[in-house]
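Protein chains in written order, with this note's numbering: chain G, 1 to 456; chain P, 1 to 456.
Calculated directly from the structure, the hints in this document are not laboratory data.
One thing to keep in mind: the hints can contain errors.
[Said to hold, decoys possible] In the DSS-like style, the derived pairs of lysine-lysine whose C-alpha atoms are separated by at most 30 Å in a straight line are:
no.	chain 1	residue 1	chain 2	residue 2
1	G	K315	P	K271
2	P	K338	P	K315
3	P	K258	G	K321
4	G	K356	P	K258
5	P	K341	G	K240
6	G	K240	P	K35
7	G	K240	P	K235
8	G	K315	P	K341
9	G	K360	P	K338
10	G	K242	P	K271
11	P	K356	G	K321
12	P	K315	G	K341
13	P	K321	G	K360
14	G	K272	P	K348
15	P	K35	G	K321
16	G	K79	P	K349
17	G	K240	P	K169
18	G	K349	P	K360
19	P	K35	G	K167
20	G	K356	P	K242
21	G	K360	P	K360
22	P	K258	P	K242
23	G	K240	P	K271
24	G	K235	P	K349
25	P	K242	G	K321
26	P	K258	G	K360
27	G	K315	G	K240
28	G	K356	P	K271
29	P	K321	G	K173
30	P	K46	G	K242
31	P	K258	G	K315
Since we're looking at a predicted model, the values are computed, not measured.
2 protein chains.
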Amino acid sequence: MENILKYINDNREEFVDELKEFLRIPSISTNPDNKKDVRKCAEYVKAQLEKIGLENINIYDTPGHPVVYGEWLKAGVDKPTILIYGHYDVQPVDPLELWTDPPFEPTVRDGNIFARGSADDKGQVFIHMKSIESHLKNTNKLPVNIKFIIEGEEEIGSVNLDNFIEKNKDLLKCDYVVVSDTAMFDHDVPSICYGLRGLAYMQVEVTGPNRDLHSGSFGGAVNNPINALSHIICKLKDDKGKILIDGFYDDVLNLTDKERLEYSKLPFDEKKYMEGLEINEVFGEEGYSTLERASGRPTLDCNGIWGGFQGEGAKTVLPSKAAAKISMRLVPNQEPEKIEKLFTDFVKKISPDSVKVTVKSLHGGKGAITPIDSPGVNAAVEAMKKGFGKSPVFTREGGSIPVVNTFQTLLNAPTILLGFGLPDENAHSPDEHLNLNNFHNGILSIAHYFNELSKI
Amino acid sequence: MENILKYINDNREEFVDELKEFLRIPSISTNPDNKKDVRKCAEYVKAQLEKIGLENINIYDTPGHPVVYGEWLKAGVDKPTILIYGHYDVQPVDPLELWTDPPFEPTVRDGNIFARGSADDKGQVFIHMKSIESHLKNTNKLPVNIKFIIEGEEEIGSVNLDNFIEKNKDLLKCDYVVVSDTAMFDHDVPSICYGLRGLAYMQVEVTGPNRDLHSGSFGGAVNNPINALSHIICKLKDDKGKILIDGFYDDVLNLTDKERLEYSKLPFDEKKYMEGLEINEVFGEEGYSTLERASGRPTLDCNGIWGGFQGEGAKTVLPSKAAAKISMRLVPNQEPEKIEKLFTDFVKKISPDSVKVTVKSLHGGKGAITPIDSPGVNAAVEAMKKGFGKSPVFTREGGSIPVVNTFQTLLNAPTILLGFGLPDENAHSPDEHLNLNNFHNGILSIAHYFNELSKI
């Protein structure tokens with residue numbers, strides 16, 4: 001590793017200069033005017049993959065923007081195969097006037113590189129490229145088998161990626177997926193995200209009388225669908241945030257003592273959290289901390305509700321209909337389809353006969369987890385320790401990342417999220433930037449990671 | 001009375017012909033193009049009041065359409081003074097193509113007179129005019145003191161009437177108000193409406209975090225304002241329709257045994273009622289019938305609710321705000337201001353500290369009742385018996401009639417609603433009509449009513 005690390009340290013400035021080239025290409029995937037730029041960026045990525053020494057490099061066209069692929073599979077069948085995922089497309093730049101420097105003219109200030117795409121995700125893709133280069137340039141080999149897939153539609157919902165993965169399951173077959181497209185927990189806190197929540201998103205519609213009624217003439221004698229819907233929602237979760245749906249918690253993979261210990265170590269300031277949201281109290285399932293509640297435990301939220309008169313003033317209507325969107329964040333091993341059924345059955349059970357209630361599922365996805373004592377995670381810990389000079393923290397994300405779900409479903413591969421951005425680097429806002437220390441330590445960490453993974 | 005009744009019977013056809021003249025004037029108050037017609041109609045009413053023998057007749061201008069007033073106060077101070085209220089303006093006629101005959105060309109078919117305004121309210125105003133005429137023409141006097149006020153803005157919310165009444169409190173001072181602007185309970189069921197519900201209309205707004213959040217990142221740790229609002233609404237009324245607000249029922253004037261007996265006599269078909277609304281069950285406070293629940297008991301209804309994402313599909317938002325419009329129908333002797341305070345206090349009490357809740361009052365009005373064993377009502381019973389040849393039923397309206405509230409508040413006078421329309425006479429629709437038997441029996445009843453009231 002010595003030569004490799006020396007190479008990374010010697011080229012610290014050079015790598016930043018090279019990154020600038022990548023950042024200069026305005027690969028805004030959502031803007032039709034930039035279609036050629038996105039293509040140009042794919043060609044740039046292809047050239048980079050060639051330059052760093054990958055093989056079997058290809059630009060795969062899709063109905064939208066292309067996917068670039070490269071691999072190096074000569075480590076041997078006894079070594080793990082790692083699929084690295086990233087994206088080369090970027091967010092739009094509006095409002096342009098809020099940028100200190102033009103978004104596609106990369107500038108270094110105060111140890112950060114400013115440009116659209118610096119943190120999300122070109123800088124992080126470049127970390128992997130330069131780690132691979134550092135190995136291949138110095139040793140002519142990689143300690144593990146590498147597959148590298150970089151797409152051009154992440155910022156528009158990865159609309160063609162699922163289809164691409166489905167079609168190329170064999171090409172993408174791997175033992176672990178590594179994604180660097182998220183942020184570290186905080187400044188100077190290297191982080192390994194090992195879990196994501198799933199989702200079951202439902203719509204509940206309540207119909208009372210067949211038409212809107214005068215609340216004076218009928219109020220008191222005919223059930224009101226808004227009141228009935230409120231009663232249903234109220235019965236889904238108690239005043240303390242515990243979900244009351246029969247069987248809801250049955251399959252929940254409970255947090256282990258080790259996980260809870262890791263949660264407790266996270267540098268989290270609850271007072272600041274509350275101040276930032278201007279709330280007087282946090283709220284949630286008893287017996288769990290705020291961070292555990294927000295990512296390690298399942299929950300139920302109304303995402304929308306509507307019915308009756310929403311205008312100014314008073315209209316005395318007893319409406320015919322009311323509806324709500326209600327979603328549940330799931331944790332491993334809750335199955336969305338099973339939860340959807342439990343939800344539907346429970347809502348039907350608690351609905352009064354005086355109204356008609358329909359329930360439908362709008363969207364669902366599984367949670368994901370890579371156990372923190374699994375070999376892939378242990379290797380990441382060792383790598384981050386060496387790359388950053390300190391132990392990483394373990395985090396779980398409360399939301400879902402659709403591509404991780406796809407990897408899990410189609411490739412049956414666990415994903416480890418090694419983010420080198422920071423929460424305040426304006427990923428989707430003006431003056432997006434990436435801390436160059438994290439960029440450098442990221443390259444070191446990933447170079448070490450390949451090495452650590454080879455020991456598995 | 002003999003001469004008077006003979007006069008009414010002899011002029012049965014003549015009165016209908018005279019009514020046609022009134023109905024030919026297109027006094028649509030909401031349409032600026034008809035402003036002159038509305039004025040012309042006020043002039044017509046004035047001329048009629050002169051013709052039937054009232055005195056001190058005046059057209060009072062308002063910022064909108066005028067109010068017409070006339071009186072006959074020579075019955076003596078020992079006799080009661082009755083204020084009769086009605087309106088000479090009418091609803092628009094659209095859709096015109098659904099009328100069998102033009103709306104302002106009155107036509108008699110199958111014992112009904114068809115024209116816009118026939119039931120609402122020119123025909124019913126005419127009943128009072130012809131009753132007064134019948135007395136004064138035959139006896140040169142009325143058994144009671146009469147004040148007659150006919151406004152031209154009822155169909156646009158009586159926007160200037162409150163101010164007129166406020167300014168003319170002495171002019172309008174009376175012992176009873178009689179309003180004929182409602183419908184009988186059913187065909188062949190003469191009805192006395194002796195009570196109305198009041199209203200306290202509130203808006204509840206719940207604020208959680210200071211901005212919309214990602215439900216994945218924050219769900220489970222931050223209270224959701226839609227869920228919190230649903231919990232609040234759920235705690236206002238139990239599953240059986242009983243209101244749980246502390247002190248809510250304290251001032252409720254309970255239904256008397258006599259009232260409940262009268263309710264039970266009403267020809268009401270609950271199966272048909274449910275079929276008409278397409279509901280499987282009626283719903284409401286235990287221990288009361290559907291009609292009692294809908295008019296004799298207070299209730300609480302959500303009139304509107306909104307928050308979060310209401311569009312198609314799934315958006316994983318934990319919204320910052322949610323709000324609902326919640327109104328309570330009140331019965332005598334509940335005071336709207338007191339109920340508003342009880343509601344506000346209770347909502348504050350049950351609101352969790354994890355959200356901010358504001359409550360405001362949008363509108364309120366007292367209920368009204370004229371006890372069914374009061375002299376004014378007893379006199380109406382006797383009069384209706386004689387006019388229709390059968391005993392009237394007693395009804396209470398579930399809604400409020402704002403002008404009744406005004407009479408109660410400003411004149412401190414109880415109101416009796418003697419409606420001679422029918423529920424299916426298309427008051428605000430094409431082919432509005434009035435049954436001519438009810439028109440005739442109405443004139444007889446009111447002529448008797450003056451007489452019966454003089455015996456109080």
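So, going through the hints one by one against the coordinates:
Proposed proximity of K315(G) and K271(P) is supported: the alpha carbons are some 28 Å apart, at most 30 Å. As the CA atoms of K338(P) and K315(P) are separated by approximately 41 Å, the hinted pair breaks the 30 Å bound. Among the hinted pairs, K258(P) with K321(G) is inconsistent with the structure: their alpha-carbon atoms are about 37 Å apart, more than 30 Å. A threshold of 30 Å between alpha carbons decides the hint, and for K356(G) with K258(P) the separation of about 37 Å lies outside it, so the pair is violated.
For the hint linking K341(P) to K240(G), the alpha-carbon distance of about 27 Å falls within 30 Å, and the restraint holds. Taking the CA atoms of K240(G) and K35(P), the gap is about 61 Å. The hint is violated against a cut of 30 Å. A threshold of 30 Å between alpha carbons decides the hint, and for K240(G) with K235(P) the separation of about 15 Å falls inside it, so the pair holds. Between K315(G) and K341(P), the direct Cα distance comes to roughly 21 Å. Compliance with the 30 Å bound is thereby established for this hinted pair.
Proximity of K360(G) to K338(P) is assessed by CA-CA distance (about 42 Å); at most 30 Å being required, the pair is judged violated. The straight-line distance between the Cα atoms of K242(G) and K271(P) is roughly 41 Å, outside the 30 Å bound, and the hint therefore fails. Restraint check for K356(P) and K321(G): satisfied, since their Cα atoms lie roughly 27 Å apart, inside the 30 Å limit. Taking the CA atoms of K315(P) and K341(G), the gap is about 21 Å. The hint holds against a cut of 30 Å.
Under the criterion of a C-alpha separation no larger than 30 Å, the hint pairing K321(P) with K360(G) is consistent with the structure, at around 24 Å. Between K272(G) and K348(P) the CA atoms are separated by roughly 26 Å; this keeps the pair inside 30 Å, and the hint holds. Among the hinted pairs, K35(P) with K321(G) is inconsistent with the structure: their alpha-carbon atoms are about 39 Å apart, more than 30 Å. Taking the CA atoms of K79(G) and K349(P), the gap is near 63 Å; set against the 30 Å cutoff, the hint is violated.
With a C-alpha separation of about 56 Å, the suggested pair K240(G) and K169(P) falls outside the 30 Å cut-off, and the hint is violated. Taking the CA atoms of K349(G) and K360(P), the gap is near 35 Å; set against the 30 Å cutoff, the hint is violated. Among the hinted pairs, K35(P) with K167(G) is inconsistent with the structure: their alpha-carbon atoms are about 74 Å apart, more than 30 Å. Distance restraint check for K356(G) and K242(P): the Cα-Cα separation of roughly 21 Å lies within the 30 Å cut-off, and the hinted pair is therefore satisfied.
Simply put, K360(G) and K360(P) have alpha-carbon atoms about 35 Å apart, too far for the 30 Å limit, and the pair is violated. Distance hint between K258(P) and K242(P) is fulfilled; the C-alpha atoms sit about 23 Å from each other, no more than 30 Å. For the suggested pair K240(G) and K271(P), the alpha carbons sit about 42 Å apart, so the restraint of at most 30 Å is broken. A hinted pair counts as satisfied when its Cα atoms are at most 30 Å apart, and K235(G) with K349(P) qualifies at roughly 20 Å.
Proposed proximity of K242(P) and K321(G) is supported: the alpha carbons are some 22 Å apart, at most 30 Å. Between K258(P) and K360(G) the CA atoms are separated by roughly 49 Å; this puts the pair beyond 30 Å, and the hint is violated. A distance of roughly 34 Å separates the Cα atoms of K315(G) and K240(G); the hinted pair therefore is violated under the 30 Å criterion. With a CA separation close to 18 Å, the supplied pair K356(G) and K271(P) stays within the 30 Å bound.
For the hint linking K321(P) to K173(G), the alpha-carbon distance of about 46 Å lies beyond 30 Å, and the restraint is violated. Our distance criterion of 30 Å between C-alpha atoms is broken by K46(P) and K242(G), whose separation comes to about 70 Å. About 34 Å separates the Cα atoms of K258(P) and K315(G), which puts this hinted pair outside 30 Å; it is violated.
Hint check: violations occur at hints 2, 3, 4, 6, 9, 10, 15, 16, 17, 18, 19, 21, 23, 26, 27, 29, 30 and 31; the rest are consistent with the structure.
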